[in-house]
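Let the sequences and hints guide you as you build the complete structure.
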Amino acid sequence: SHRTTAPIRILCIGGRAEARLPDIFWKELLISTFPLSWDITFIGPDVSAKQRSKRIQLDTCHSTTSFLYLSFQNGYFDEYIRATNNKNDQATLISNTWDGVVLFNPGIGHPYLKNKWNTTMQLLIQEDVLLLMTAHNKIDCERDFSTFQNLQLQSPKMSTRTFSDAYIPNPWSSRMQVEDPLNPTQLVRANAYVLLSPIETPSLEKEI
Numbered sequence: 002s003h004r005t006t007a008p009i010r011i012l013c014i015g016g017r018a019e020a021r022l023p024d025i026f027w028k029e030l031l032i033s034t035f036p037l038s039w040d041i042t043f044i045g046p047d048v049s050a051k052q053r054s055k056r057i058q059l060d061t062c063h064s065t066t067s068f069l070y071l072s073f074q075n076g077y078f079d080e081y082i083r084a085t086n087n088k089n090d091q092a093t094l095i096s097n098t099w100d101g102v103v104l105f106n107p108g109i110g111h112p113y114l115k116n117k118w119n120t121t122m123q124l125l126i127q128e129d130v131l132l133l134m135t136a137h138n139k140i141d142c143e144r145d146f147s148t149f150q151n152l153q154l155q156s157p158k159m160s161t162r163t164f165s166d167a168y169i170p171n172p173w174s175s176r177m178q179v180e181d182p183l184n185p186t187q188l189v190r191a192n193a194y195v196l197l198s199p200i201e202t203p204s205l206e207k208e209i
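2 is the number of the first residue of the sequence shown in the working numbering; add one for each residue after it.
What the hints contain is simulated information worked out from the structure, not anything from laboratory work.
As the structure is a computational prediction, the values presented were derived from the model and not from experiment.
The beta-carbon is built from N, C-alpha and C at its ideal position, and this holds for glycine as well.
Treat the hints loosely; a few may be bogus.
[What the hints assert, rightly or not] Derived lysine-lysine pairs resembling BS3-like cross-links, with alpha carbons at most 27 Å apart:
#1 55 x 28
#2 139 x 115
#3 117 x 139
#4 28 x 51
#5 117 x 51
[Stated by the list, open to error] Pair ranges (Cβ atoms, derived):
#6 188 x 56: 37 to 47 Å
#7 187 x 94: 30 to 40 Å
#8 53 x 150: 34 to 44 Å
#9 150 x 100: 16 to 26 Å
#10 181 x 7: 33 to 43 Å
#11 187 x 36: 37 to 47 Å
#12 9 x 185: 33 to 43 Å
Shown next as structure tokens:
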């Protein structure tokens with residue numbers, strides 16, 4: 002028999018459509034990453050307050066060894082942290098609770114969105130967790146990358162966070178292009194580019 006291992010704990014900040022995916026998509030994740038288990042938390046103002054935590058398993062003999070636990074929290078991440086923990090321990094709460102943080106198309110450098118992201122990004126900068134961010138297009142990449150670097154320089158605690166050289170095309174991105182709702186002159190594609198930080202992480206590729 003297989004032994005159940007501790008789940009990989011992922012935090013998705015600003016979750017929108019991904020927080021509403023049908024269970025069948027999550028089962029594909031379990032199949033493709035077996036025997037890993039996952040514990041994913043979605044926090045964001047667009048996460049439905051009516052969503053309830055749930056556990057998803059495969060309908061096979063492997064269901065007892067591989068599972069996915071999803072939890073949902075409506076609201077802004079920095080407000081959630083303040084309400085959850087003493088201010089002096091906010092940073093350690095993040096790294097002690099999650100192994101990695103994901104931001105899908107956050108727009109942290111977008112002129113209409115950056116102020117809403119500043120406090121959250123300042124918290125993440127000092128974290129020893131894997132950070133994955135995606136972007137809609139090259140303009141989005143440049144803005145977000147520049148904003149993150151500037152926040153690093155302003156951080157009271159000098160961050161040792163590193164980045165890959167640049168965003169790279171994401172092979173799993175959406176293939177549908179749409180007008181940017183905040184700038185109709187620009188075309189965007191969900192998760193078109195991806196960036197990992199820090200990059201000194203174990204490979205997730207399966208051994209053949």
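Taking the beta carbons of residue 9 and residue 185, is their distance inside 33 to 43 Å?
The hinted range 33 to 43 Å holds for residue 9 and residue 185, with Cβ atoms some 39 Å apart.
For the hint 30 to 40 Å, verify it against the beta carbon of residue 187 and that of residue 94.
holds, 37 Å
Is 37 to 47 Å a correct range for the gap between the Cβ atoms of residue 187 and residue 36?
holds, 42 Å
Hinted pair residue 139 and residue 115, Cα distance within 27 Å:
holds, 17 Å
That 34 to 44 Å hint for residue 53 and residue 150 (C-beta), does it hold up?
Holds: the Cβ-Cβ distance is about 39 Å, inside 34 to 44 Å.
Between residue 181 and residue 7, does the C-beta distance stay in 33 to 43 Å?
holds, 40 Å
37 to 47 Å as the expected CB spacing between residue 56 and residue 188, which holds or is violated
holds, 39 Å
Holds or violated: are the alpha carbons of residue 117 and residue 139 at most 27 Å from each other?
holds, 21 Å
Keeping to a limit of 27 Å between CA atoms, is the pair of residue 55 and residue 28 held or broken?
holds, 13 Å
Given the proposed pairing of residue 117 with residue 51, does the C-alpha separation stay at or below 27 Å?
holds, 23 Å
Tell me if the straight-line CA distance from residue 28 to residue 51 falls inside 27 Å.
holds, 22 Å
If I claimed the Cβ atoms of residue 150 and residue 100 lie 16 to 26 Å apart, would that claim hold in this structure?
The hinted range 16 to 26 Å holds for residue 150 and residue 100, with Cβ atoms some 24 Å apart.
Consistency with the previously given hints is maintained throughout, with no hint failing.
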